[in-house]
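S.K.: Quick note, the sequences are listed as chains X and C, same order.
Quick note on numbering: our numbering labels position 52 of the first sequence as 52, and the sequence is numbered without any gaps.
Quick note on numbering: our numbering labels position 95 of the second sequence as 95, and the sequence is numbered without any gaps.
Because the hints were derived from the structure by calculation, they are not lab data.
Hints may be right or wrong, so weigh each one.
[Said to hold, decoys possible] Residues from chain X shown here face chain C by an in silico Cβ test under 7 Å; the list is partial:
| no. | residue |
| --- | --- |
| 1 | Lys5 |
| 2 | Pro8 |
| 3 | Pro40 |
| 4 | Pro44 |
| 5 | Leu46 |
| 6 | Lys71 |
| 7 | Ser96 |
| 8 | Phe102 |
| 9 | Glu104 |
Beta carbons are placed, not taken as given, at the ideal position from N, Cα and C, and that holds for glycine.
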Amino acid sequence: QQQVKQSPQSLIVQKGGISIINCAYENTAFDYFPWYQQFPGKGPALLIAIRPDVSEKKEGRFTISFNKSAKQFSLHIMDSQPGDSATYFCAASKASGSRLTFGEGTQLTVNP
Amino acid sequence: DSGVTQTPKHLITATGQRVTLRCSPRSGDLSVYWYQQSLDQGLQFLIQYYNGEERAKGNILERFSAQQFPDLHSELNLSSLELGDSALYFCASSVGVAGAMGNTIYFGEGSWLTVV
Numbered sequence: 001q002q003q004v005k006q007s008p009q010s011l012i013v014q015k016g017g018i019s020i021i022n023c024a025y026e027n028t029a030f031d032y033f034p035w036y037q038q039f040p041g042k043g044p045a046l047l048i049a050i051r052p053d054v055s056e057k058k059e060g061r062f063t064i065s066f067n068k069s070a071k072q073f074s075l076h077i078m079d080s081q082p083g084d085s086a087t088y089f090c091a092a093s094k095a096s097g098s099r100l101t102f103g104e105g106t107q108l109t110v111n112p
Numbered sequence: 001d002s003g004v005t006q007t008p009k010h011l012i013t014a015t016g017q018r019v020t021l022r023c024s025p026r027s028g029d030l031s032v033y034w035y036q037q038s039l040d041q042g043l044q045f046l047i048q049y050y051n052g053e054e055r056a057k058g059n060i061l062e063r064f065s066a067q068q069f070p071d072l073h074s075e076l077n078l079s080s081l082e083l084g085d086s087a088l089y090f091c092a093s094s095v096g097v098a099g100a101m102g103n104t105i106y107f108g109e110g111s112w113l114t115v116v
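Let the hints inform the model, and build the full structure from the sequences given.
M.R.: Below, the structure is given as structure tokens:
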């Protein structure tokens, strides 16, 4: 049972543009929502994470927006750079350190 | 470098065979997780160990088993391998206590398994 749905599957953005990736979850017991970035040949690496008690969290060019009532959250990458080209996964768990349920992934390409 | 070490990086084996994947967690991390990544199934949680004890189980096949040893390293054993088991297997680790501050899950670089 897929509990975290992610869209789009792929995304192409021009350098300097904004990349937006969306996720929706079903399980209301989820309490921790991280985003992971994966480069080819590497493992996923934590990018940024949020808990449902805040609606937005920003770290540098990366922002998570969280809508608890809609059970949706999104990743915004401002001023996208070619070095941001990677696969991005949203995830959810019942607490940090608990098993992660991942979305399907979004392959982001930032053209120079 | 996440600090999680996995061996081997690549493995090619025949159907019906058995393989063992090894993982050394980050220094100080007590929890180890195993995930399977395939094109059609994405990143799937298999199993979690905490300080030697099984903590959570996901969609792990009965042909697969894992354990965490006293030195905290972990092994994932895959037996009676089928073509569909070909995938990237990730080990991850964290401090371990769910909900604790800074309890980030760190992933290794994975073990590529190809079953022919």
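S.K.: For every hint, state whether the structure bears it out.
M.R.: Verification of the hints:
| no. | hint | verdict |
| --- | --- | --- |
| 1 | Lys5 | 11 Å, violated |
| 2 | Pro8 | 15 Å, violated |
| 3 | Pro40 | 11 Å, violated |
| 4 | Pro44 | 5 Å, holds |
| 5 | Leu46 | 5 Å, holds |
| 6 | Lys71 | 19 Å, violated |
| 7 | Ser96 | 4 Å, holds |
| 8 | Phe102 | 4 Å, holds |
| 9 | Glu104 | 5 Å, holds |
Hints 1, 2, 3, 6 from the list above are not met by this structure, while the remaining hints are.
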